[in-house]
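Colleague: Residue numbers (my numbering), protein chains in the order written: chain A, 1 to 253; chain B, 1 to 634.
Quick caveat, the hints were computed from the structure, so don't treat them as lab data.
All the pointers check out, no bait thrown in.
Under 10 angstroms between C-beta atoms, here's a sample of chain B residues computed to sit facing chain A:
1) GLY216
2) VAL407
3) LEU421
4) LEU429
5) ILE432
6) ILE443
7) VAL448
8) ALA456
9) GLN521
10) VAL527
11) ALA531
12) ALA610
Covered stretches of chain B (chain A as the covering partner; in silico rule of three or more C-beta atoms under 8 angstroms from a C-beta of chain A):
13) 350-359
14) 382-394
15) 599-608
Label pairs and their in silico Cβ distance ranges:
16) B:ARG358 - A:ALA122: 55 to 65 angstroms
17) B:VAL556 - A:ILE24: 29 to 39 angstroms
18) B:ASP69 - A:ARG90: 52 to 62 angstroms
19) A:THR44 - B:ILE543: 30 to 40 angstroms
20) B:GLY204 - A:LYS170: 26 to 36 angstroms
21) A:ILE20 - B:VAL556: 35 to 45 angstroms
22) A:PRO55 - B:ILE543: 24 to 34 angstroms
23) B:GLY36 - A:LYS119: 51 to 61 angstroms
24) A:ASN88 - B:VAL254: 27 to 37 angstroms
No experiment lies behind these values; they were computed from the predicted model shown.
Even glycine gets a Cβ: it sits at the ideal position worked out from N, Cα and C.
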Amino acid sequence: MPSRRSIILTAVAAFVATAIGVAISYAIHWFPAQASTQASNTDTLYHVLVIASIPIFVIVVTVVLYSAWQFRMRPGEELKDGPPIHGNTRLEVFWTAIPTVLLLGLVGYSFVVLRENEKKPAREIQIGVTAQQFAWSYQYPPSVTGGAPISSDQLYVPEGESVQFNLHSKDVIHAFWIPAFRIQEDVVPGITVRWRATPDRLGNYPVVCNLLCGVGHSLMRSTVHVVSAAQFQSWLHSQLSPAGGAAPGGASG
Amino acid sequence: MAARLRGPGFYRASWMMVLGVGFSTLLTWLVRMSTGHSTFRHFLSGDAILTVSLLAVPLAFLVGIGGFDYWFYWATGRPTRAEDHSGHGAYSWKDYFRVNTDHKVIGVQYLVNSFFFLLVGGLIAMLMRAQLAQPGSQFMDANTFNGLFSVHATLLIFLFMVPVFAGFGNFVIPLMIGAPDMAFPRLNALSFWLLPVAGLMMLGSFFAPGGAFADGWTAYAPLSTNAPIGQTFFSIGIQFAGASSIMTALNFLVTIITMRAPGMSFFRMPLLVWANFATSLLVVIATPFIAASQFLVLLDRALGFNFFNAGNGGDVLMYQHVFWFYSHPAVYIMILPGFGIISEVIAVKARKPIFGYRMMAFSLLAIVGLGFTVWAHHMFTSGMAAWIRIPMAITTAIIAVPTGIKVFSWLATLWRGILHLDTAMLFALGFITTFTLGGISGIMLAMVPFDIHVSATYFIVAHIHYVLFGGSLMTIFAGVYYWFPKMTGRMFDERLGKWHFWSTLILMNLTFGPMHVLGLQGMPRRVSTYASQFSGMNLFISIASFGLGLSTLVFVYNMVTSWRGGPRSVANPWRGMTLEWQVSSPPPIFNFDRLPTVVGGPYEYGVPGAVHGIFAPAPSTVAAGSNIVRAPSE
Numbered sequence: 001m002p003s004r005r006s007i008i009l010t011a012v013a014a015f016v017a018t019a020i021g022v023a024i025s026y027a028i029h030w031f032p033a034q035a036s037t038q039a040s041n042t043d044t045l046y047h048v049l050v051i052a053s054i055p056i057f058v059i060v061v062t063v064v065l066y067s068a069w070q071f072r073m074r075p076g077e078e079l080k081d082g083p084p085i086h087g088n089t090r091l092e093v094f095w096t097a098i099p100t101v102l103l104l105g106l107v108g109y110s111f112v113v114l115r116e117n118e119k120k121p122a123r124e125i126q127i128g129v130t131a132q133q134f135a136w137s138y139q140y141p142p143s144v145t146g147g148a149p150i151s152s153d154q155l156y157v158p159e160g161e162s163v164q165f166n167l168h169s170k171d172v173i174h175a176f177w178i179p180a181f182r183i184q185e186d187v188v189p190g191i192t193v194r195w196r197a198t199p200d201r202l203g204n205y206p207v208v209c210n211l212l213c214g215v216g217h218s219l220m221r222s223t224v225h226v227v228s229a230a231q232f233q234s235w236l237h238s239q240l241s242p243a244g245g246a247a248p249g250g251a252s253g
Numbered sequence: 001m002a003a004r005l006r007g008p009g010f011y012r013a014s015w016m017m018v019l020g021v022g023f024s025t026l027l028t029w030l031v032r033m034s035t036g037h038s039t040f041r042h043f044l045s046g047d048a049i050l051t052v053s054l055l056a057v058p059l060a061f062l063v064g065i066g067g068f069d070y071w072f073y074w075a076t077g078r079p080t081r082a083e084d085h086s087g088h089g090a091y092s093w094k095d096y097f098r099v100n101t102d103h104k105v106i107g108v109q110y111l112v113n114s115f116f117f118l119l120v121g122g123l124i125a126m127l128m129r130a131q132l133a134q135p136g137s138q139f140m141d142a143n144t145f146n147g148l149f150s151v152h153a154t155l156l157i158f159l160f161m162v163p164v165f166a167g168f169g170n171f172v173i174p175l176m177i178g179a180p181d182m183a184f185p186r187l188n189a190l191s192f193w194l195l196p197v198a199g200l201m202m203l204g205s206f207f208a209p210g211g212a213f214a215d216g217w218t219a220y221a222p223l224s225t226n227a228p229i230g231q232t233f234f235s236i237g238i239q240f241a242g243a244s245s246i247m248t249a250l251n252f253l254v255t256i257i258t259m260r261a262p263g264m265s266f267f268r269m270p271l272l273v274w275a276n277f278a279t280s281l282l283v284v285i286a287t288p289f290i291a292a293s294q295f296l297v298l299l300d301r302a303l304g305f306n307f308f309n310a311g312n313g314g315d316v317l318m319y320q321h322v323f324w325f326y327s328h329p330a331v332y333i334m335i336l337p338g339f340g341i342i343s344e345v346i347a348v349k350a351r352k353p354i355f356g357y358r359m360m361a362f363s364l365l366a367i368v369g370l371g372f373t374v375w376a377h378h379m380f381t382s383g384m385a386a387w388i389r390i391p392m393a394i395t396t397a398i399i400a401v402p403t404g405i406k407v408f409s410w411l412a413t414l415w416r417g418i419l420h421l422d423t424a425m426l427f428a429l430g431f432i433t434t435f436t437l438g439g440i441s442g443i444m445l446a447m448v449p450f451d452i453h454v455s456a457t458y459f460i461v462a463h464i465h466y467v468l469f470g471g472s473l474m475t476i477f478a479g480v481y482y483w484f485p486k487m488t489g490r491m492f493d494e495r496l497g498k499w500h501f502w503s504t505l506i507l508m509n510l511t512f513g514p515m516h517v518l519g520l521q522g523m524p525r526r527v528s529t530y531a532s533q534f535s536g537m538n539l540f541i542s543i544a545s546f547g548l549g550l551s552t553l554v555f556v557y558n559m560v561t562s563w564r565g566g567p568r569s570v571a572n573p574w575r576g577m578t579l580e581w582q583v584s585s586p587p588p589i590f591n592f593d594r595l596p597t598v599v600g601g602p603y604e605y606g607v608p609g610a611v612h613g614i615f616a617p618a619p620s621t622v623a624a625g626s627n628i629v630r631a632p633s634e
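This is chain B alone, in the form it adopts within the complex (with noise of 0.2 angstroms):
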């Protein structure tokens, strides 16, 4: 028991946790005491010991379940140890709870804790069309209301959108260029366990005095400046998510700069890897700055510091400049990586190269730099000087062209191939679809005069939902039935996956469709009721999200039943090219028996004897005369 309380692990994360809680009791204590708190009820502070809390707890947590051991141990001088990859791979369930340096145990940890979040993002949702299907209170008051829709885009954003991408680039990346690992395990094991810990401290929001944080996942100052404690939630837990995200992504821009197999030139890579290494850009320059609007706001929430108060010098719309630097770019954040599944799962599914190779890779790169010179048309009506308007409209028009140039190549690969028409390819045409049509009502938003009438209202949500529903989400679908062999080696059930696929695609259509229409009409987002002529179309709306909520679970017990008992899987059920494909599945725990060499091009379909890589030769079956020996399923 003593060893257990004392080896990294749950056990000594709980007792942690519980010195951390002290820890901030007495931090808080002898703070107010020096600092004039005259009588021992002023000594103790609830706000202030949980604000300081939020940060030391999750630490402590970090600390306990093993998160920094290895730095500790070399810092202190001790001797640590020996990096014999015995935490690699998962022998069992029970593997998937511990800290784990094995990429593969860290992608699948991100995925599922991914889709648990999406899985209760979409429940608040539940939750809010019941409330919506009439005007009036139903059965929620405004502040839970307020409170729902706030954690709902939070942690489908923070705690779905943005890790579940890299849980993909986790698992496939390294696979895919050929490296044994990521650059930095221990840092993605402990980028890993950040995550848990911020959406946990988002939902645990609701228990907080003065309910959820209730000033939608923008959280606008001085709203949440003035807000009940549950908003330091926010402002705390976003630091996690960042900082878990910002770590993933140097992670990532490290692998993929210097981990290449030999004969890996940038334009011999997958696309997956060129858009994770785009957005992994993205992140490392945006993401400071939503964690330093929030600590702004964590400031003057705690301090005084009075940056966002008029009143008192303060600027308002300081904060609105910083948050949208980060919250932009996060769009883009959160569909580049689905760009790069689609151009995996239309090249292998079309069987053809894809059409515009280097355009799909120059496009990406255009879009992170463009990407960073529109975040004010999230401002067009915030009071910000008019002039502003004028260059953010022409940049974000003009950021449609490498998105438009993406489309077309997709739909230049599908034409005259030979079309596997199964899951994954039906959610990738799909997703070309609807994502073409949230890009329309994006482009329409670039209009000034268009976005004055109905910037915040419910044409934005729909517009919103289309591009990270209709668009990102249909990847993460087309993704997951993409590598699913590979990653669990089973097959999933394809008849199951298509009626996922219809119901989908249709009830996404129905529920999403409407809200543009709403929002023309006059009815603003983010209201527990609304004016009775809208009542029609939002009891419509209510009804094809509950069965959209229900689609879900088609997807859910395909995925958990397959996972358990579904068919086992060969190594390259489609015929891919990518090295990933070229191993076992699952694949062996350092990634490749024998080293990979790239000699090709990653999609080159319908060139007669073309390879991508070659693998040396397995050291028993050495011929003598010979070092290349073709991968054997090519």
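Bound conformation, chain A alone (with noise of 0.2 angstroms):
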């Protein structure tokens, strides 16, 4: 039998070592910036489901190392064998049932995120992404512009508002990802895909095709800018007027 001194000592092990690996989770920079409010639920999300992991991790390995430690053949036992233990249903009723309730738990609170995330807000803008091998435009229509419509390479949204991406492809698969916002959908030839998010940060964030869609596809990139809602309206003008369709948009990004 195992002493007690070693197994009090080793379980003290681990739950230093689960402290320190809940630690170190927090220290390390996971994702880059949050720039949507689904994105800090994506994160916490994350977080979580590390905090659950760890401890099943620490526990495995800490069986492990410990039966290697204990258990491991000495001197003289070339030739024994263990005890002849076949199973105990108690134990295996219970490793069965409390991993069954945590997945269902943490599966039911991605849920909760995912409905959240992709909740229809009262007042929403739509834009239109349309990707091709291998370059992104994007279409913004009269009842967002107030005018005509609007395509161009640029992407800019405004910051605290709802924005729903409709998804076309001339082509092949691609996929519209914005890491910053932690949201991607795939962009299907023959339908339309849509995601929303609410930008909440100002700035430059990459947008990156992720689904592979020919030689060009590690270069088809754009970039998304969250700007206020008056730096919108501006822009938006900047396009709809004759000048500013002369003028490459992206001097004011």
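Using the supplied hints, reconstruct the complex from the two chains, each of which is provided in its own coordinate frame.
Modeller: Put into structure tokens, the structure is as follows:
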């Protein structure tokens, strides 16, 4: 039988390892900047998942290391066998039931986050996204511009307002991903895929094609400019006026 | 010479392959002429001839080498060669290059062929990491890079992971269940020879005009339906690899169901047999789906069927559903046999019965069932109907439960055992820890909002390599070290084995661990260059991966030198109870000179006087009045 002392020692070590693991999980910068309300929900979910995972991993590693330490074959035991323990129903029910409950709990929580992230707000602006090998373009309908529709290779969105992106592909499948918003969806030829986010932090963030679309895939990038509502309106105006159309809109961004 | 050209073998295969090209040319010429291509120049289309050749030439090769001989003789009413099992056994290395019906020879053929493609796939990974060491183009263009990662994944999945376990199964399972061979030895031989065909075809795609297939191993339409001709090498190569898979799985199922020794009830089978049984169920049900998906792509490409052409009524998402209906179960096809190997190794090396044997068997079957209900978790961001995400997320979380049961049962088997920490056991313990990490990241990916962020990023690359490298490959190494003495009759260098283990474990984590963070930070997978903010971590990963590549050479050196000149092994070096250890190393040509009868469970370690199998007395030593003699090693 393993000694009581070694078990207590190991249990303490496992607790310390768990605590260190959790501390490290907070110290690491896992994510890029949070630039949407959805991003903070998703990041919190991730942290919960990590914190739930660390003790499970620590338990597994601890039992492996403890067994290697305490139960390894000593000189003279070359022909000995261990005790013939065939199982323990109670223990087996326990490690079936507990993970089931834990997993269902986590997946339930993830559905809450999903619902929250995808909830349709009272007010929302629509922006079209068109993908083709290997470039993005963006369509602002009259409901957004207040005038003629605009198509631009620039993506401007107002801070604090929910945006629904309507994705179209002209050729193969792409994926419209804004890591700072923590959201992506595939851009599929023949259908319109949608996703929404509420930008909540000013700045410029990468737009990445995240589904292999051919030789230019690595370079199919763009930038999303999250600007104040006033700046958004003035950018739209500069795009609407003929002069704005001539002058590259990128100058303001 | 004439006899050589007529008899089965590489000579006959060579001229038949030439004939195959001629036939393909003639066929396409006739068809194109009859369908109105008016000028002579149009009669001959390079792409069309190549496409037909890719189907016809491998078949010609298989006929030439003798894979179909018996059936042709039988079908044409000629006298079939009496099955005297003259093809059994291997007496020189040349016998491994023939159509051989001995399951032990086929097992070794499978394993060596698989490890050849492991080295090729690994080498391709080294090239990719060299390109990715710094952002920007190092020494290859994007098209070459896309070809490299596509071939890397395809070879390692279809020519390494899936067949390597069939190799173990082929060698070990008839021995474990007390059978003289597999149920269908000729089918078995044919199923092996399909593999080098598929592998060389996929490698050969690098020489195709326009380069190798470059759409990833997933080959999503419509990118794949519009790709250069290299894609056809994938579409058709998959058919051969898949056919091989299905034939072998059928063979395993029939063998396990009908050829168990007297007394070998299902609940006395070793867990490796259970694992191969479960895997074979997955293979025969799921593999036709990937075959179908690639046939549809082929028809789209070659004949303009427009299955996946959205502009002409095609359905782009349908491809992904059909593809993942195979390719998710495929993940379990690539790990369940590994679970079996780990159960064998841990029971023997911890000197204890497997904890919760029946639950171990049932959890395999649970994974088979649940494995078919989770495929669309690969498609959470695909644009499919949103509600499908909910049930698929729940089943994905639930499928972790039977896997967890297995991990906990292995841990409980270790508890209070007497652990022999040699190379095979170290790989088994290393597997438990790294596979747990891969399992945990898998559970995270079941959480839809999180998956929406990291889908198709380097987080996925990290996850899949923790599962397949930290999981499957660790079990494969454990299995090779465990059965090496049985297969070759020789012992390997234990010290080099431990070096191999520690370098693999450490470098594997250094290579794939940081990829999690890269993905969360926003680096997509399948890119030949990346934003400069990721350059530090990528350089680190590249250096670690080169070390990981070198550590494999330690393994190769150990295996090759030990096979040639290692010390002779005794029949049962690990004191295992299962039947394969009760016969000589390597086993006799027909496995059991005396028929085994199974009288107990396979892992009764520590039970006084327990045996798994007993052997009928050898004819010369029959003692009057006794017809049961204990196996000598007991």
